[in-house]
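Asks: Construct all of the structure, not just a fragment, from the sequences and the given hints.
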Amino acid sequence: IYKRKIVSYSAHSISSGSAISLSKGVQLVGGGKTLISTGALQRRAPSVYGGAGGYGTRISQSAFSSSGSLTPYGETAVINNEKVTMQNLNDRLSSYLDKVRSLESANRKLELQIREFYEKKAPSVSSDFTNYFATITELRAQIDNAQLAVELLNTQITTCTTEVKTFYTQLSELKRTLQTLEISRQSILTEVGHKWTDRMQEHTFTVQCYLIVLIIQYKVDSHSVVVYIHKPHIERRVKTIVEEIVDGKVVSSSVDTQVEDIQ
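With the UniProt record's numbering as the guide, the letters of the sequence shown map in order to residues 1 to 263.
Quick caveat, the hints were computed from the structure, so don't treat them as lab data. Hints should not be assumed to be uniformly reliable.
Stated by the list, open to error - 25 Å max Cα-Cα, derived DSS-like pairs, lysine-lysine:
1. K120 x K109
2. K165 x K175
3. K109 x K99
4. K109 x K121
All values reported here derive from a predicted model rather than from experimental measurement.
Replies: Next comes the structure, spelled out in structure tokens:
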């Protein structure tokens, strides 16, 4: 697709003569018609250089060569008409510019056809987006709720993590306390064992003493019974002894020993 261009003509000028160079190095400059007698010649023909949009157009000359036998009497004549050449060049430039205009027109038509084609082929778009807006609003609300839920979960996770760390700290302290209590329990058990042994020994000694007391009491009671039973006989015997002593008689030793044993 060609872009539009603004075409304008500009005035140009060329030199009034054409430079002609002969084979021998002789150069002649002249205007209008020039007659060359003989020899091969070289000549520069003008050419056109056009800028973009017709601006900066220049006319330059290009070299061409020609050879032949020219007589000084007009056998061969070289006609150099600069006006005709310029007219030809201007005609060529005009034709080029006409082609550019036609291409620009074709370009505009093609652009219009392409635009119409896309307008016809493009699907019709409804201008009522109410349903879409409602759906978008609902989705945004769901996204906001999800974000709030995520934030709440993150807060709960942070709180639970803090609580777990606190529980671990408390558990460590409880473990240390349990170890201390276990040591105290072992110490108390050892001490109780010693005290229990001492207590048992003391209790055993007390029981033994009590048994001894009971035995002694039993013996005392048994002796008291014996004394009570033999008391009348003893009293009579004592009375007899006293009477005998009073009378001046000596009681046998066996009787005295028996009386002492009974008492």
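Asks: Taking the hints in turn, state whether each one holds.
Replies: Hints, verified against the model:
Among the hinted pairs, K120 with K109 is consistent with the structure: their alpha-carbon atoms are about 16 Å apart, no more than 25 Å. At roughly 15 Å between alpha-carbon atoms, K165 and K175 fall within 25 Å of each other, so this suggested pair holds. For the hint pairing K109 with K99, the CA-to-CA distance comes to about 15 Å; that is within 25 Å, so the pair holds. Of the pairs offered as hints, the one joining K109 and K121 holds, with about 18 Å between alpha carbons and a cut-off of 25 Å not exceeded.
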